[in-house]
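Work the whole structure out from these sequences, hints included.
End of the sequence shown = 286 in our numbering, gap-free, step of one.
It is worth saying that the hints were derived from the structure and are not from the lab. Worth double-checking, as some hints may not be accurate.
Here are the simulated lysine to aspartate or glutamate pairs, EDC-like style, with alpha carbons at most 20 Å apart [to be verified]: (1) Lys233 / Glu211; (2) Lys233 / Glu214; (3) Lys261 / Glu93; (4) Lys233 / Glu243; (5) Lys261 / Glu184; (6) Lys233 / Asp252; (7) Lys233 / Glu216; (8) Lys261 / Asp57; (9) Lys233 / Glu93; (10) Lys233 / Glu253.
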Amino acid sequence: MPETRLAWQPDALLAGSASGVVPARPAATVILPRAGASGRPEVFMVRRTAGTAFAADAFVFPGGAIEAADQSELALASAPGLTLEAAHARLVERGGDPPPDPRMSFALHLAAVRELFEEAGVLLAVPRSGVMGGAPDGALIERLATARADVLAGTRSLGELARGERLDLAPEQLVYFSHWITPELSPRRFDTRFFAALMPAGQTALHCNLETTEGEWLEPAVAIDRAARGELKIVFATSAHLERLARFSSVDELLRFARSKPIRTVRPTLTRGDGGWSVGPVDQPW
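Okay, here's the thing in structure tokens:
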């Protein structure tokens, strides 16, 4: 894909730092597909607030940095379907740079589940009874909507929510899709694992109205076209993923690809030309 001109320029960062490199925070992002009216995949995207420090006013997939609670003992107990070892194997076996240890691998999965709930209101979980089928009842959906505000405010962890509702979090439903690291000269950097997860039955995706101001289901090709016309803003990594996702004619095809594709850690570069700084392109397959 072509280079993208940056709205910010890193010259001040270079002038103010001996190394010019900000450490990359471990993070997780979730691509949430569903079948649209045409049968082709749509993905849920949220618009970040204009005042946010990263990707301001841009449409992105739900996601964010890991938190301490994502690797707590309560988090581990709340997700019995995924062990530390299994989480680590998922992020290692198909290639790419591995996380430093199994606990970090688990935390990345839990962060994906938490961020999806916080930013889209969608919870990957199953009843503790082990019954997998069916949609959650209306009363549970209402309680989850109330609890979402508590999780966003930090007054309740996702593990505490799951325990109170007798739910098991289900990070095993995530499919590892890609690994991208923000360019070294960026003022805020993330070491991000992208996951895909099928939209659960009976739930409704809705933006949080705190860190995000809009939420929309979009066919990837439509999102790319609208961005090209200046109708919405997307950052380089999001655009690259949308281009990849636009190839698929069904959600099943998308998820089959996600389960089998090799993983290569992507490190886009920043280059300075006559028009200023740009990011990309990524020439090698990922």
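A quick look at each hint next to the structure:
no., hint, result
1, Lys233 / Glu211, "holds (16 Å)"
2, Lys233 / Glu214, "holds (13 Å)"
3, Lys261 / Glu93, "holds (11 Å)"
4, Lys233 / Glu243, "holds (15 Å)"
5, Lys261 / Glu184, "violated (26 Å)"
6, Lys233 / Asp252, "violated (28 Å)"
7, Lys233 / Glu216, "holds (13 Å)"
8, Lys261 / Asp57, "violated (31 Å)"
9, Lys233 / Glu93, "violated (34 Å)"
10, Lys233 / Glu253, "violated (27 Å)"
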